[in-house]
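2 protein chains.
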Amino acid sequence: MKLHNRRKFMTRAMLASGGLAMTRAAIAGPAKKGQVIHHVFFWLKNPDSKEDLQKLLDGLKSLEKIESVKQYHIGVPAPTDPRPVIDSSYAVSALSFFDDLAGQNAYQVHPLHKKFVETCSPLWKKIQVYDSADL
Amino acid sequence: MKLHNRRKFMTRAMLASGGLAMTRAAIAGPAKKGQVIHHVFFWLKNPDSKEDLQKLLDGLKSLEKIESVKQYHIGVPAPTDPRPVIDSSYAVSALSFFDDLAGQNAYQVHPLHKKFVETCSPLWKKIQVYDSADL
Numbered sequence: 001m002k003l004h005n006r007r008k009f010m011t012r013a014m015l016a017s018g019g020l021a022m023t024r025a026a027i028a029g030p031a032k033k034g035q036v037i038h039h040v041f042f043w044l045k046n047p048d049s050k051e052d053l054q055k056l057l058d059g060l061k062s063l064e065k066i067e068s069v070k071q072y073h074i075g076v077p078a079p080t081d082p083r084p085v086i087d088s089s090y091a092v093s094a095l096s097f098f099d100d101l102a103g104q105n106a107y108q109v110h111p112l113h114k115k116f117v118e119t120c121s122p123l124w125k126k127i128q129v130y131d132s133a134d135l
Numbered sequence: 001m002k003l004h005n006r007r008k009f010m011t012r013a014m015l016a017s018g019g020l021a022m023t024r025a026a027i028a029g030p031a032k033k034g035q036v037i038h039h040v041f042f043w044l045k046n047p048d049s050k051e052d053l054q055k056l057l058d059g060l061k062s063l064e065k066i067e068s069v070k071q072y073h074i075g076v077p078a079p080t081d082p083r084p085v086i087d088s089s090y091a092v093s094a095l096s097f098f099d100d101l102a103g104q105n106a107y108q109v110h111p112l113h114k115k116f117v118e119t120c121s122p123l124w125k126k127i128q129v130y131d132s133a134d135l
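In order, the protein sequence lines correspond to chains A and B.
The first sequence runs 1 to 135 under UniProt numbering.
The second sequence runs 1 to 135 under UniProt numbering.
Check the hints yourself; a few may be wrong.
Pairs involving identical chains hold if they fit within one copy or between any two copies, as the list cannot separate such chains.
Straight-line Cα separation of at most 30 Å, DSBU-like style, residue types lysine-lysine; simulated pairs [said to hold, decoys possible]:
#1 Lys-45 <-> Lys-126
#2 Lys-55 <-> Lys-33
#3 Lys-33 <-> Lys-125
#4 Lys-125 <-> Lys-61
#5 Lys-70 <-> Lys-115
#6 Lys-114 <-> Lys-33
#7 Lys-126 <-> Lys-50
#8 Lys-33 <-> Lys-45
#9 Lys-65 <-> Lys-33
#10 Lys-65 <-> Lys-115
#11 Lys-33 <-> Lys-61
#12 Lys-33 <-> Lys-50
#13 Lys-126 <-> Lys-65
In short, the hints are calculated from the structure, not lab data.
Let the hints inform the model, and build the full structure from the sequences given.
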């Protein structure tokens with residue numbers, strides 16, 4: 001069993017044993033094959049507006065409640081050493097994990113997501129999305 | 001303070017002030033404050049070469065062994081519904097989580113990472129990196 005899979009197997013075994021009576025938050029990595037990883041980067045129309053940034057963060061927080069979202073992270077550019085290959089020009093990022101494509105589809109049409117787009121899309125000038133299937 | 005850094009500072013200051021009543025517990029996902037999320041997208045010189053793809057996947061798998069990598073996912077474009085905001089032109093993606101900036105820095109200079117770059121960089125024509133600080 002490869003290291004990568006072994007870690008996944010161990011996580012599953014731990015969960016199955018009930019030894020970990022924990023929330024999703026404490027799980028060291030999603031364990032389901034075929035997970036969809038949805039990463040969105042936002043550029044604001046008014047990048048210096050604290051108010052707009054706060055509105056976007058508040059909107060993004062609401063998406064975490066969508067049932068099919070299994071892991072969720074809101075981020076800002078990290079102060080890693082600048083390199084030409086790093087894009088740190090965005091204002092906020094949102095990373096969400098779904099068990100499968102159906103979960104991602106359900107998210108897209110969920111009332112909370114629709115409300116988020118309606119409320120927050122006037123704030124951004126650009127978004128960039130990457131959807132990955134976890135191998 | 002440059003515009004970019006000021007924005008980061010503002011976000012952190014807002015968080016420190018409690019303006020975001022977002023507890024770590026409420027976030028689904030690893031709970032360590034200050035985690036660095038490193039997402040890299042690769043475009044191959046020979047996108048139709050199964051061999052090159054496999055070499056890159058093998059190289060990426062080796063990076064999981066680096067101690068400071070806390071969560072690791074190798075992906076390919078997911079078959080979500082095409083939208084203009086989705087970039088699905090890359091061949092492979094690698095998503096890694098670090099507890100802090102020091103962990104990411106250690107990864108960059110780790111012998112396994114150096115070996116990966118040496119072995120695999122001739123395979124790619126472009127990489128795009130996003131480093132996010134988890135809020």
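* Which of the numbered hints are not met once you compare them with the structure shown? -> Per hint list: zero violations.
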